[in-house]
Structure formats: C-alpha cells, structure tokens
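Starting from the given sequences, assemble the full structure and let the hints guide the process.
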Amino acid sequence: MKSYALFKKDISSELRTRYAINALAMFIIVTLSIILFSIGNERISSSLTGGLFWVIIFFTSMSGLSRVFVSEEERGTSLTLQLIAAPSTVFSGKLLFNLILVFAMNTVIAILYSALFNTFVLKNFALFLTSFILSNIGLAFASTIIAAIISKAGAKGTLYPVLSFPILLPLILTSVQLTLFAMDGTSFETAKFELAIVGCYDVIIFTVSYLLFDFIWKE
Amino acid sequence: MIEYSLTVESINKTFGRRLIFSGINFKLDSSTIFGISGPNGSGKSTLVKIIANIISPSSGKLVHNLNGTEIKPEKLHNHIGLVSPYLVLYDEFSAYENLNYFSEIRGISFDKEKVDKLLNKFLLYNRKDDLVKTYSSGMKQRLKFIFALMHSPQLIILDEPTSNLDDEGKEVVYELVKKEAKKNIVIIASNEKTDLSLCSETIDLKNYKK
Amino acid sequence: MKTTWKILLFLLLCFVSIAGISFPIVKNPQAWYEFPFIKGLEENAKIIFFHVPTAWLTVIAFLMTAIYSIKYLRKKNLDDDAKAYAAAQLGIIFCILATVTGAVWAKFAWGSFWSWDPRQTSIFALLLIYGAWFALRSSIESEEKRATLSSVYAIIAFVTVPFFIFIMPRIMTGLHPGSADDTNAGPIVDFKMNGNMQLIFFLSLIGFTILYFWMWRLGYKSIIYRDKLNKKLIRG
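Chains as they are written, first to last, in numbering that gives the first Met the number 0: chain A, 0 to 218; chain B, 0 to 209; chain C, 0 to 235.
Do not rely on the hints blindly, as some may be mistaken.
Computed cross-link-like contacts, DSSO-like style, restricted to lysine-lysine with a CA-CA straight-line distance of at most 30 Å [claimed, not checked]:
| hint | chain 1 | residue 1 | chain 2 | residue 2 |
| --- | --- | --- | --- | --- |
| 1 | B | Lys71 | A | Lys151 |
| 2 | B | Lys116 | A | Lys7 |
| 3 | C | Lys5 | C | Lys106 |
| 4 | B | Lys139 | A | Lys1 |
| 5 | B | Lys209 | C | Lys74 |
| 6 | B | Lys208 | B | Lys60 |
| 7 | B | Lys139 | A | Lys151 |
| 8 | B | Lys127 | B | Lys116 |
| 9 | B | Lys60 | B | Lys177 |
| 10 | B | Lys120 | A | Lys217 |
| 11 | A | Lys217 | C | Lys70 |
| 12 | B | Lys60 | C | Lys227 |
| 13 | A | Lys151 | C | Lys220 |
| 14 | B | Lys120 | B | Lys182 |
| 15 | A | Lys217 | C | Lys75 |
| 16 | A | Lys151 | C | Lys227 |
| 17 | B | Lys209 | C | Lys106 |
| 18 | C | Lys74 | A | Lys217 |
| 19 | A | Lys217 | B | Lys116 |
| 20 | B | Lys208 | C | Lys74 |
Distance windows between CB atoms, simulated [claimed, not checked]:
| hint | chain 1 | residue 1 | chain 2 | residue 2 | range |
| --- | --- | --- | --- | --- | --- |
| 21 | C | Leu198 | A | Gly184 | 47 to 57 Å |
| 22 | A | Ala154 | C | Ile205 | 50 to 60 Å |
| 23 | A | Val120 | C | Leu198 | 49 to 59 Å |
| 24 | C | Asp78 | B | Gly40 | 24 to 34 Å |
Derived by calculation from the structure, the hints in this document are not laboratory data. The beta-carbon is built from N, C-alpha and C at its ideal position, and this holds for glycine as well.
Structure, rendered in structure tokens:
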C-alpha cells in the first residue's frame, strides 16, 4: 500500500538518523524533571496531577509532531514527494507516522508519570485506556494537519504551538476531564458524554483535514 | 503504441505583483523533443513545474491526454519523469533504497532489471548501495535521471539536464533523450546550445513577457 | 451607505447607549424609562446591552471569515480573501471588547475578573484563534499562499467552535447565566426583561449589527482598492 510505503520510508529514515526520537526522549525527561523539581516535597492534589499529565503531553507533541512535514520542506524533498505520490497518499502516510509516534510518546509519558507521581492512581483503568486511545487519535489528527500548514509558512517552530493550541483546546479540556474521571473511578456510564465528545472530535477533525489537505499541499 | 499529448493553453504566471510569463500556448504529441530556453530568471523552472503539475498557473489550463482520455491531476505523477536542479533525493538512504521506496510509494512494482540497466548506463552500479550523502554532484545528477526514468513515464521533463556532468555524462544523456523521444515526449529547459540542438521546436521565454 | 442611513444609525446607537446606561433599575417599574430587577444580575444588568452584542458580533465575524475562506478556496479570487480579512479584523476587535466587558461584569457579579467559566473559556479560545490566524498571515509573503493557508486554518478553527459553544457549557458547571447549573435559564431566554428592556436590547443588537456590516464593507473595499493601486504602481 502506497501510504504504508511512505510510512515505512519515514520510520526507517527516523531509525537511521534518530533526530526526532532523541530530541523527544530528552524533552520528556527534561520536562518531567523540571516539574518534579518545581513541586519539590509538596503534595499535589489529584486534579492537579491529572491536568499536569496533559500539559506534558501537549508540549511534547509540540516539540515532535511537526517534523513529518517540516523536515521534508526544509530539505527540499517535498518536491520529490509531489512527483511520486498523490496528495491523499502523502496525507495518509504522514498521518500514520504521527499516530504511531503519538502513541509511543504518550505511553512512555504515562508510564514515567505513574512511576514518578504517586497521586496518579487510576481507579478505573479501562476508562483511562479508552480515553487514552481516543484522545491520542485526535491529537495525531489535529497536529498533523497543523504541521502541514506551518511547513508551508515561515517561522515554523514558534508558529506550531500558536496554531495548534486553539484547535486542540476542546480535546485537551475533555481529555483532562476524562483522566480525572478515571482517577476517581467514575463509571463508563457517567463518562459516556465526554467519550462521545472526543469521538466526534476525532471524526470531525479527520474529515476536515482530509478535505483540506490538497489545498495546503499543492501550491 | 501509447499516444500521449500535452496541450498548454494561455498559461500565465504571476508571483504576487511580478509577471513571470503570459500567453504560452503549445501542443505536444508523442515522439517530440521540445525546448524551452530563456535567460536566467526568465521562468524556465517555473514553467517546468507548472507542466509537471507541481504548481498551478495563475490562469490558463493544461491537459494531459493518454490515448485520447484526459488524465486526472491526482494520477499524473506516474506518467511524468522530472530531472531538475531543485530535485533532492534522500541522502540518508542508498541509491538502491531510494529507488525502491520510490517504486513502492508510486504503487509500482520494483523493476530490478530495468533499474540495474539504468544504473549501469549511468555508471552508478558500483555505488548503488552507498548512501547518497557520499555522492558527488555529478553522481547525484545521474541518479536523478534514473529516478525520472525508472517508472517508464510518457512525458519526460529535463530542467538543466547537463549541469554537473562531464562530457561522457552528457553523451549518455543525449543518447538517452534521442532514444526516449522515439516513443515519448521529451521537454528540455536549458540555456546550453548543445542541449537545445536536440529539439525540433523551441520557445524562448523572453518573448512571453508582456 | 447613504448619508441618511448613517445619521439614523448614529442616532440609534446614541439612543441605545444613553438609554442603556442611564435608565434606572427599580423594583416595580412604572414609568416607561424604568427597568426591572433581574434575579442574579440586579444592578449589573445594563451591561447586557453592550456585552451581548459584542459577543454576538464576534461570532458573526468568525462565521463570515469562514464563509469567505470557503469561497476563496473554491474560486481563488483574492477579493474573497479581502472580505475574510476585513471580517476577521472586526472580529478580533469585538472579541477583545466582549472579553473585557465580560470580565468587568464578572468582577461585579461573581467577585473576580476571571474564573474559567465555560463561556469565558470559549471567548478566550476565540481570541486565541483570531490571534493565531493573524500570526499565520504575517508569516507568509506570497499573497496566494497566505490566502490559501489562512483560509484552511479558518475553516479548521471554525469546526471546533461548536464544541465550545454548545457542548462545553452543558457538561461543565459555570457561573454564566444560562449554564448547566443556573436555575434561571438566563434573562434573555426567560424574558425576565420587561418590554422596555427587551426593546432597548434588541435595538442595541440591531444597531451594532448594522454598524458591523458597514465597517466590514468599508474594510474590504479599502483593502481591494489598496491592492489594485499597489499592482498599478509596480506595473507602471
């Protein structure tokens, strides 16, 4: 499959050069350390713990998810991609890469976070897992289309969080709510409205991105 | 016999306030070598990119026809081969890996025989497993030709094809152009007289500036 | 807009402003110039004449930016981009006004300027969207690319708006009149305003809306003329 081939190309490029993986790993460690140092010996409430989790996820995403498009633009290989693939193939391939990256990144963050913060206790783990999956999908979808937009503009680094934050805000707010529910042990029944919101967000963002990508990609 | 035709109608291109060219019209059929000449900065590469469906014209249209049916823009890329100074290949991969990925992403099965033949013709076979990072500019130029030809396109566009090549390399290119032009359309955008001497018809972009 | 209409608009807005600010609020309104008490709002009610129209207009402006963005992507006519830009300029101004009037009201009604109530969060998000849109535009040199990319962003941002407007206030409790746990349904929906108040309110809404459309027309026309002049100057 063509998108899968593009994804394989990106993965092997990444494994060979290790630019993004190293940077992301260091970023996660540094961010967690800073937060731990700032908190010191204070005990933080569980709602703060839940919120902070998503702060780390957001900033880590901002440092790593734009690479899929920005590196192609900066090296000049966007032209090459345009010559070998239709826009929809490029979009699906890059989206797949970011999906895998988001899941890998956030799983690492989740594991480290629960190890380092003892207030991060998930009473309803199934709820956490479901919302984790749905939110990661939404995060990947939104950050990929915004990455495509800023790759074609100037000032790429600073513009990425500026453009992404308003678009991601409904997702982050609902995900924080769902994480707090999972920590409190709320049932699926009570949380189903929030889960539906994240699900709708995923579908809507994907549809809009798919329809608009062609306009971004070809000049 | 595959019949390919390219019709270019009243193409204009402006970047912001600057007019690059206007009123370009021509029609090409299979077995043609067509030249685009003009001083540096006259828009040769821009016209090349418009023909290759990389950027859109400001007005006018292009129609690519295969055996009488129009080809949709999303499907054009497998019918076109482009060599250009702006083309960049992935230097963290070897030549062979680059070409392999390109086939897979195009959705075409990798024709090992054809690729090996091309690598031999362009004297890159011994370096096929070396990273493109280690290639000289002449070698990269020759690899671009292989990139442009390995999927047997019907429309071959060469922008400054002999840049970075020594005389031997140029000979290989000219031989290739004549061979491809027997069945396909070849467009050459260049300032070199020897390049343009191969063309049956040439337009000069400085005539399209009003 | 013809001069008579401009004068009428001016008079209308003057009347609305004066009436809105000066008419007293009393328990049992008898005279035509008196407003009733509304539970939960009391004296602060008057800001409703200004805060609600600005919030309403910033959303209308955003809707128009999105519509002209879609039009631009279909026809690639830079005039549509000028219209979207003029709408966004007004949109961000009204958004700032809505945020500020809302914060002032919040201070008097709830005790603090900002409390992350869902509607406050929403208007803040809209402010961020406008800010991001302008930041994106200023980072692109080429006219067509600027128009295309900002149109795409406007449309993406627009589809997230329903999440803020309809869903967030329902699921999150809030202090805003009309939120999930407000026992009143809000002064507008419940018509706790008496006839006079409603009249002033709707006049204010209409007046500001006409003002907006007038400013928008002036805005986009001046952008289009300026661009035409610039192009003429360079071609010579």
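Hint check results:
Straight-line distance between C-alpha atoms of Lys71(B) and Lys151(A) comes to about 25 Å, which keeps the hinted pair within the 30 Å bound. Annotation: proposed proximity of Lys116(B) to Lys7(A) holds, straight-line Cα distance about 26 Å (limit 30 Å). Taking the CA atoms of Lys5(C) and Lys106(C), the gap is about 35 Å. The hint is violated against a cut of 30 Å. About 25 Å separates the Cα atoms of Lys139(B) and Lys1(A), which keeps this hinted pair within 30 Å; it holds.
Our distance criterion of 30 Å between C-alpha atoms is met by Lys209(B) and Lys74(C), whose separation comes to about 25 Å. Of the pairs offered as hints, the one joining Lys208(B) and Lys60(B) holds, with about 18 Å between alpha carbons and a cut-off of 30 Å not exceeded. Of the pairs offered as hints, the one joining Lys139(B) and Lys151(A) holds, with about 26 Å between alpha carbons and a cut-off of 30 Å not exceeded. Between Lys127(B) and Lys116(B) the CA atoms are separated by roughly 12 Å; this keeps the pair inside 30 Å, and the hint holds.
For a cut-off of 30 Å, the pair hint linking Lys60(B) to Lys177(B) stands: about 28 Å separates their Cα positions. Restraint check for Lys120(B) and Lys217(A): not satisfied, since their Cα atoms lie roughly 34 Å apart, outside the 30 Å limit. The straight-line distance between the Cα atoms of Lys217(A) and Lys70(C) is roughly 18 Å, inside the 30 Å bound, and the hint therefore holds. With a C-alpha separation of about 25 Å, the suggested pairing of Lys60(B) with Lys227(C) holds against the 30 Å cut-off.
The straight-line distance between the Cα atoms of Lys151(A) and Lys220(C) is roughly 28 Å, inside the 30 Å bound, and the hint therefore holds. This hinted pair checks out: Lys120(B) and Lys182(B) have alpha carbons roughly 19 Å apart, not beyond 30 Å. Distance check on the hinted pair: Lys217(A) and Lys75(C) sit about 13 Å apart at the alpha-carbon level, within 30 Å; holds. For the suggested pair Lys151(A) and Lys227(C), the alpha carbons sit about 26 Å apart, so the restraint of at most 30 Å is met.
With a C-alpha separation of about 64 Å, the suggested pair Lys209(B) and Lys106(C) falls outside the 30 Å cut-off, and the hint is violated. Of the pairs offered as hints, the one joining Lys74(C) and Lys217(A) holds, with about 15 Å between alpha carbons and a cut-off of 30 Å not exceeded. Distance hint between Lys217(A) and Lys116(B) is unfulfilled; the C-alpha atoms sit about 33 Å from each other, more than 30 Å. Under the criterion of a C-alpha separation no larger than 30 Å, the hint pairing Lys208(B) with Lys74(C) is consistent with the structure, at around 26 Å.
Checked against the hint of 47 to 57 Å, the C-beta distance between Leu198(C) and Gly184(A) comes to roughly 53 Å, which is consistent with it. One distance hint, 50 to 60 Å for the beta-carbon pair Ala154(A) and Ile205(C), is violated here, with the actual separation near 41 Å. The given range of 49 to 59 Å is respected by Val120(A) and Leu198(C), whose C-beta atoms sit roughly 57 Å from each other. A hinted range of 24 to 34 Å for the beta carbons of Asp78(C) and Gly40(B) is consistent with their spacing of about 30 Å.
In this structure, the earlier hints numbered 3, 10, 17, 19 and 22 are contradicted, and the remaining ones agree with it.
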